[in-house]
Amino acid sequence: MEQLKHECGVAMIRLLKPLEYYEEKYGTWMYGLNKLYLLMEKQHNRGQEGAGLACVKLEANPGEEYMFRERALGSSAITEIFGTVQSNFKDLPKEQLHDAGYAKRVLPFAGEVYMGHLRYSTTGKSGISYVHPFLRRNNWRAKNLALCGNFNMTNVDEIFARITAIGQHPRKYADTYIMLEQVGHRLDREVERVFNLAEAEGLAGMEITRYIEDHIDLANVLRISSKEWDGGYVMCGLTGSGETFAVRDPWGIRTAFWYQDDEIVVLASERPVIQTALNVPAGSIRELQPGQAVFIHKAGKVRTVQINKPREVRPCSFERIYFSRGSDADIYRERKLLGEKLVPNILKAIDYDIDHTVFSFIPNTAEVAFYGMLQGLDEYLNEEKVYQIDALGHAPGHDELERILSRRIRSEKVAIKDIKLRTFIAEGNSRNDLAAHVYDITYGSLVPGEDNLVIIDDSIVRGTTLRQSIIGILDRLNPKKIVIVSSSPQVRYPDYYGIDMSRMSEFIAFKAAVELLKERDMKDVIAAAYRKSKEQVGLPKEQMVNYVKDIYAPFTDEEISAKMVELLTPKGTKAQVQIVYQPLEGLHEACPKHPGDWYFSGDYPTPGGVKLLNAAFIDYIEQVYQF
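So the sequence shown is numbered by the working numbering: it starts at 147 and just counts up by one.
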């Protein structure tokens, strides 16, 4: 209901043929540029605040620009950056526009290597200077570096202290800048290593440059610079000489997929965007493995290297529930299964009264789970029909059979999001009144006073939209009971690996648990969790323990959900309201290959996650309580 802040998205393209090849076969040397645009637009859901692209021309002559970048802010950033790039070509005569040789020599962004990025800030830092790709310039072509990624680092403070101790001076205290300096520093050292080898062989001038670009090994760069990174990441980069790489975190938290044929190498954050952009089957696309990097040499040779030893692999389950496109075959199946797994708890919530219940969903990401829920309900109803027919005990008549077989699961599109509505007023009751109308309802879709209304969403994190809009607007239909269903479990803990959920105060589940402790005269549990958290400040992060779990431990999921209902139901609501969450076991059964569930379970995949949680909990308690 309330939109989760998305992760960043990445896209890379390496053309393996000369530009003339694509002009002849596809009618344009802009084949790579066009495919990059498709890959980025198909991942637009991942980036709302900005976008950027970088391009490298291979084998440019000295004195000619070979590395280009364009960035823009805002939800229309992709259109803007590609519009700016295209403005370099739009006034050319047709003959010149289709001259690949001319484009290669003269036109900006007419290259063989492309990298694109879609940004959503998870740090609160915004502005064009924070939009990827980031550039590190140098007169040596091989030392130029463009970097972008889908990541959040949890130990920026440690890395910053380490690199400043050896004399580096990052321009900003932000993980992207710091990582640019780290990787750039190691790239410098690697170039110097190969330079010394070239000199030892008696080479000079451009021979040294060519030797460096032929023998540089970016695996050395990544092994040293990434070994202490704590967080979830897919980091992509390209150098001025055309070396390209992407590396995935050893826990497999963030995802990346890549494809290669004899014309092109492509990498993106999601598999179906590659399928769509290149019209290739899912089986031909490979997933970048945890701790692995893919490298494309300037000569076009592709290789994968294990950069960091895989840890306990914990891919992010929110990728499956929410972030990634539902058009992926596996994700579509998993989201349907998430809906199906909820059926037993839904039936219990409506007291098994299917005949007087209407089922619906909150647009748009919950739609697939809704279909899975309907499938599960159909199976339950069919079993009921068989039981009823058997219970007749004789050869049933036409009317008896018709009465039983005519029963149906009633589904309607009850809620419709008004995408045109914008809440311009920033504060006060007027803003709340506008927010209450973000959704429209379909009047006449259920029988007032008789029907229950079950409505499924993919996640309930803060609950603000439920309180400000959803429950009140659904209550206008006069249902007997409103059951809000979440296809994911209760979000109880912050995420520090790319999703914008970092403060304890954001979670309605946490607020509900704290309220229950206060009501039941158990504030000593809060005090003890705070004390134990405070005592471990200064410990190595590897020794830290998640004591926030103690806040939830005294209560069942159902007790916390019931308290949430109290906190979120607007005054004057006539219908009874209940919230039903996906059990953690249901999530793992539906998404068995993506066990990363730290925002639900508190089991963080890296020590840095526990360290940041500890700081967030202490900060919350010290702002709210006096201990």
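Check the hints yourself; a few may be wrong.
Said to hold, decoys possible - In silico EDC-like links for lysine to aspartate or glutamate, alpha-carbon gap of 16 Å or less:
(1) Lys-163 with Asp-501
(2) Lys-739 with Asp-474
(3) Lys-695 with Asp-749
(4) Lys-687 with Asp-474
(5) Lys-657 with Asp-703
(6) Lys-289 with Glu-338
(7) Lys-531 with Asp-545
(8) Lys-678 with Asp-765
(9) Lys-171 with Asp-408
(10) Lys-250 with Glu-374
(11) Lys-250 with Glu-166
(12) Lys-680 with Glu-768
(13) Lys-687 with Asp-749
(14) Lys-627 with Asp-501
(15) Lys-717 with Asp-621
(16) Lys-494 with Asp-703
(17) Lys-680 with Asp-703
(18) Lys-680 with Asp-765
(19) Lys-447 with Asp-501
(20) Lys-739 with Glu-458
Stated by the list, open to error - Ranges of calculated distance between the beta carbons of each label pair, as one might list FRET restraints:
(21) Gln-452 with Asp-303: 23 to 29 Å
(22) Lys-669 with Gly-429: 53 to 59 Å
(23) Asp-765 with Gly-429: 15 to 21 Å
(24) Glu-226 with Lys-720: 43 to 49 Å
(25) Tyr-498 with Val-448: 22 to 28 Å
(26) Glu-768 with Tyr-589: 44 to 50 Å
(27) Lys-669 with Arg-432: 34 to 40 Å
(28) Glu-768 with Glu-661: 17 to 23 Å
(29) Leu-730 with Arg-554: 29 to 35 Å
(30) Gly-220 with Gln-452: 37 to 43 Å
(31) Lys-494 with Ala-307: 34 to 40 Å
(32) Lys-559 with Glu-374: 34 to 40 Å
In short, the hints are calculated from the structure, not lab data. Just so you know, even glycine gets a beta-carbon here, dropped at the ideal spot from N, CA and C.
Each hint, compared with the structure:
Restraint check for Lys-163 and Asp-501: not satisfied, since their Cα atoms lie roughly 63 Å apart, outside the 16 Å limit. Of the pairs offered as hints, the one joining Lys-739 and Asp-474 holds, with about 15 Å between alpha carbons and a cut-off of 16 Å not exceeded. With a CA separation close to 10 Å, the supplied pair Lys-695 and Asp-749 stays within the 16 Å bound. At most 16 Å may separate the alpha-carbon atoms for a hinted pair to count; Lys-687 and Asp-474 exceed this at roughly 37 Å.
This hinted pair checks out: Lys-657 and Asp-703 have alpha carbons roughly 14 Å apart, not beyond 16 Å. Only pairs whose Cα atoms come within 16 Å are accepted, and Lys-289 paired with Glu-338 is accepted, the gap being roughly 10 Å. Between Lys-531 and Asp-545 the CA atoms are separated by roughly 14 Å; this keeps the pair inside 16 Å, and the hint holds. For the hint pairing Lys-678 with Asp-765, the CA-to-CA distance comes to about 14 Å; that is within 16 Å, so the pair holds.
Only pairs whose Cα atoms come within 16 Å are accepted, and Lys-171 paired with Asp-408 is accepted, the gap being roughly 13 Å. Distance hint between Lys-250 and Glu-374 is unfulfilled; the C-alpha atoms sit about 40 Å from each other, more than 16 Å. Proposed proximity of Lys-250 and Glu-166 is supported: the alpha carbons are some 9 Å apart, at most 16 Å. Of the supplied pair hints, the one linking Lys-680 and Glu-768 holds, its CA atoms being roughly 11 Å apart against a limit of 16 Å.
Taking the CA atoms of Lys-687 and Asp-749, the gap is near 14 Å; set against the 16 Å cutoff, the hint holds. A hinted pair counts as satisfied when its Cα atoms are at most 16 Å apart, and Lys-627 with Asp-501 qualifies at roughly 14 Å. Using a Cα cut-off of 16 Å, the hinted pair Lys-717 and Asp-621 holds, with the two alpha carbons roughly 11 Å apart. As the CA atoms of Lys-494 and Asp-703 are separated by approximately 15 Å, the hinted pair is consistent with the 16 Å bound.
The hinted pair formed by Lys-680 and Asp-703 fails the criterion: a straight-line CA distance of about 27 Å is larger than 16 Å. A threshold of 16 Å between alpha carbons decides the hint, and for Lys-680 with Asp-765 the separation of about 10 Å falls inside it, so the pair holds. For the proposed pair Lys-447 and Asp-501, the alpha carbon gap of about 63 Å is over 16 Å, so the pair is violated. For a cut-off of 16 Å, the pair hint linking Lys-739 to Glu-458 stands: about 12 Å separates their Cα positions.
About 28 Å separates the C-beta atoms of Gln-452 and Asp-303, a value consistent with the hinted range of 23 to 29 Å. For Lys-669 paired with Gly-429, a C-beta distance near 56 Å keeps the hint of 53 to 59 Å intact. At roughly 47 Å, the beta carbons of Asp-765 and Gly-429 sit outside the given window of 15 to 21 Å. In this structure, Glu-226 and Lys-720 meet the distance hint of 43 to 49 Å, their C-beta atoms being roughly 48 Å apart.
Tyr-498 and Val-448 have their C-beta atoms about 57 Å apart, which leaves the hinted 22 to 28 Å range violated. At roughly 48 Å, the beta-carbon separation of Glu-768 and Tyr-589 lies within the given 44 to 50 Å, and the hint holds. Restraint check, Lys-669 to Arg-432: a C-beta distance of roughly 53 Å breaks the suggested window 34 to 40 Å. For the hinted restraint 17 to 23 Å between Glu-768 and Glu-661, the CB-CB distance of approximately 19 Å keeps it satisfied.
Between Leu-730 and Arg-554 the beta carbon distance is about 32 Å. The supplied range of 29 to 35 Å therefore holds. Checking the proposed 37 to 43 Å range against Gly-220 and Gln-452 shows it holds: the Cβ atoms sit about 39 Å from each other. Distance hint check for Lys-494 and Ala-307: the Cβ-Cβ separation is about 53 Å, which falls outside the suggested range of 34 to 40 Å. For Lys-559 and Glu-374, the Cβ-Cβ distance of about 51 Å falls outside the hinted range of 34 to 40 Å, so the restraint is violated.
Consistency with the previously given hints fails for numbers 1, 4, 10, 17, 19, 23, 25, 27, 31 and 32, ordered from lowest to highest.
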